[in-house]
Amino acid sequence: MRLSSGRIAEVGDGLRGPREMDAEGLHLFPGFVDVHAHWRAPGREDEEDIQSGSAAAAAGGFTSVVMMPNTDPIVDRPVVVSGLVRRLERESRVRAHVSAALHVGLAGERLTEMRLLKQAGAFCVSDDGLGTASAGVLRNGMLYARSAGLPVILHCEDHTLATGVVHDGLAASLAGLPGSPASAEDTATATALILAAETGAKVHITHVSTALSAALVGFFDGSADVTADTTPHHLTLTEDLVSTLEGLYRVNPPLRPESDRSGVERALREGVLDFVATDHAPHASEEKELPLEEAAPGFLGHEPAFAALYTDFVLGGRLTLGRLIQAMSCAPGRWVGGAGNLTVGAPADLTLVDLSEEWTVGRGTLASRSSNSPYVGRTLNGRVVGTIVGGEPVHDRTGVKFGARA
Amino acid sequence: METRSFLTLEDTSSEDLREILDLARAFAEGRIRDALANKTVCLAFFEASTRTAVSFELAARRSGAHVISLSEKGSAISKGESLIDTIVTLDRLGADAIVLRHQAAGAAVLASRHTSAPVINAGDGCGQHPTQALLDLYTLSEALDGFEELQGRRVAIVGDILHSRVARSVIPAFVQAGMDVVLVSPLTLLPPDAGALGLPVLSSVDEAVEWGADVLYMLRLQRERMTGARIPSVAEYARFYGVSRRHLEGGALVMHPGPVNRGVEISGDVVLDDSSLIPDQVAAGVCVRSAVLALSTGAVHRIAA
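One line per chain: the protein sequences are A and B, in this order.
Residue numbering for the first sequence follows numbering that gives the first Met the number 0, beginning at 0 and increasing consecutively.
Residue numbering for the second sequence follows numbering that gives the first Met the number 0, beginning at 0 and increasing consecutively.
Think of the hints as simulated: they come from the structure by calculation, not from any bench.
Note that CB positions come from ideal geometry on N, CA and C, so glycine has one too.
One thing to keep in mind: the hints can contain errors.
Here are the computed distance ranges between Cβ atoms for each label pair [what the hints assert, rightly or not]: (1) E223(B) - D220(A): 35 to 41 Å; (2) L196(B) - V375(A): 58 to 64 Å; (3) S258(A) - S81(B): 58 to 64 Å.
Turn these sequences into a full structure, and let the hints steer you where they fit.
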């Protein structure tokens with residue numbers, strides 16, 4: 000593959016260039032795309048900032064990321080968007096798109112100035128982290144977002160049902176923890192899908208974690224402009240971890256029972272769920288090293304995402320490598336536009352992976368400022384060794400530096 | 000004498016429109032006098048109004064009618080009398096025409112079923128406001144030198160179409176006059192099946208000007224709509240759905256049914272600009288409503304001239 004001016008110029012044998020890189024034994028994929036990340040900037044740079052968040056993304060093979068607006072200040076005004084976009088241009092290693100808030104203060108009342116937000120550089124809108132409580136409010140939000148030409152990313156959660164801290168199931172009962180039922184997600188997902196179909200808005204439902212929500216997404220296939228993702232942790236972990244009572248394992252939506260996990264897996268395999276997003280959510284140790292009920296919800300996501308899925312699914316014979324790459328690169332790349340493919344003329348956003356490398360996730364392997372990964376201590380197969388954005392290396396463990404002729 | 004109600008313009012042909020406008024011109028030129036002598040016109044305004052109420056009253060008085068004004072306050076409506084009973088009362092007291100302004104769509108149609116007097120809809124909820132559309136056509140015809148000149152002209156109707164009775168009357172009126180109509184509105188202020196009206200929807204006044212609008216017909220954004228549920232802010236609304244001086248450089252005309260929110264749908268320096276027909280619209284109210292009263296009571300069948 001020959002790269003030129005930040006794009007893929009040629010694909011074939013015997014290509015030469017002023018700088019060459021020998022990728023013998025590695026797999027080259029279109030760069031991974033993560034539409035759900037919390038880089039905590041502005042406001043909580045102690046947990047993550049643009050440099051560390053984008054370094055973590057690059058280390059995970061992600062070349063494009065969508066940043067969520069639940070920062071401090073909340074990204075709900077054009078001036079915040081334009082400031083963030085300027086900082087991202089200077090500081091981010093990977094392509095970073097800004098999701099602005101759908102409602103002022105994420106409060107689900109007043110619409111944000113979506114058309115001015117778009118002019119300021121917003122890529123989409125979302126009330127992520129909170130969800131939108133009222134269906135009537137959400138409907139107007141979808142209509143207005145459609146007018147503004149912005150996609151909507153939805154965190155589907157009904158707060159009248161989601162009053163607990165873990166999934167309302169056996170593990171919660173045994174542990175004595177307040178649970179949130181699956182219906183908290185399912186009813187909100189159904190509402191979102193119905194409204195998406197009615198309004199014609201472009202809607203992406205993020206972190207689908209139950210079998211029923213996945214089935215509902217499938218039901219609306221073709222009748223709404225809807226896509227959906229699930230996360231590596233909802234695909235690979237279950238509510239059993241709640242029995243540890245460790246604050247680390249609190250996440251929202253919560254880890255579900257095996258029946259939901261397998262339903263979500265099937266939906267991803269069959270393409271009902273379009274792709275994977277990590278919901279990369281760094282938290283300071285003082286927010287995680289607490290009783291589970293008091294811990295902040297969320298996991299780091301970028302870095303072990305590919306390896307966790309490759310190890311469990313591809314090596315486990317449950318998903319083809321091709322489908323995994325579709326779910327991590329092609330489909331989310333299409334969603335953000337113009338990314339996730341290796342055709343001539345496409346941006347040279349590439350990920351090099353050593354599928355044979357075995358590694359153990361640990362504090363020392365994480366580029367993030369935080370360490371709340373549920374995979375810490377786990378030994379995984381397949382590791383990202385190089386990430387290239389626009390033809391430039393942004394993460395390089397190859398040992399063969401760009402610039403050295405092979 | 001044959002009477003007729005004016006409830007809507009939805010089924011009014013272009014010939015009928017022209018007849019009304021010609022009659023209005025005859026009134027404006029003073030060619031018809033005392034058309035309503037010995038008639039009793041009842042103005043039943045159950046919702047606030049300045050220009051519609053005043054121009055109907057002037058139209059009736061100048062034509063020699065006895066005028067009775069009713070409002071919610073000070074009438075039996077405030078004692079809980081129903082619309083139908085109020086209308087029946089006015090009918091039995093001998094009203095020759097009832098001009099009705101009411102907060103609910105369909106009120107005029109309901110009223111017309113309970114009186115033999117013609118009912119003139121002076122605005123019913125989000126329903127219809129036919130005399131507004133007529134005076135708009137009159138104003139535009141005068142500005143463009145004739146009703147025929149409206150044929151093929153481009154008009155953009157901008158703003159809160161969903162809640163606008165004016166929009167529901169001017170759209171069919173402009174279409175009947177042969178104008179090309181587009182709607183400019185965010186989806187939150189557009190009826191769900193606006194596309195089914197067969198009218199294109201544009202997303203800003205800039206786009207309407209680019210499309211070649213000869214007329215920018217601005218609708219009023221009601222205050223209660225500015226609070227964030229359907230529109231994020233006045234700043235964003237004014238930026239995309241407000242008309243400002245730069246939009247008028249190509250010669251487009253501005254219309255507005257009033258009352259205007261300066262700085263919201265129209266920037267302050269445009270309201271009384273040369274391109275603005277807003278004062279002309281108000282002025283046209285009297286002669287157009289004179290014509291409507293004369294036709295509806297059967298006082299005038301044909302153009303006098």
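Which of the numbered hints are not met once you compare them with the structure shown? none
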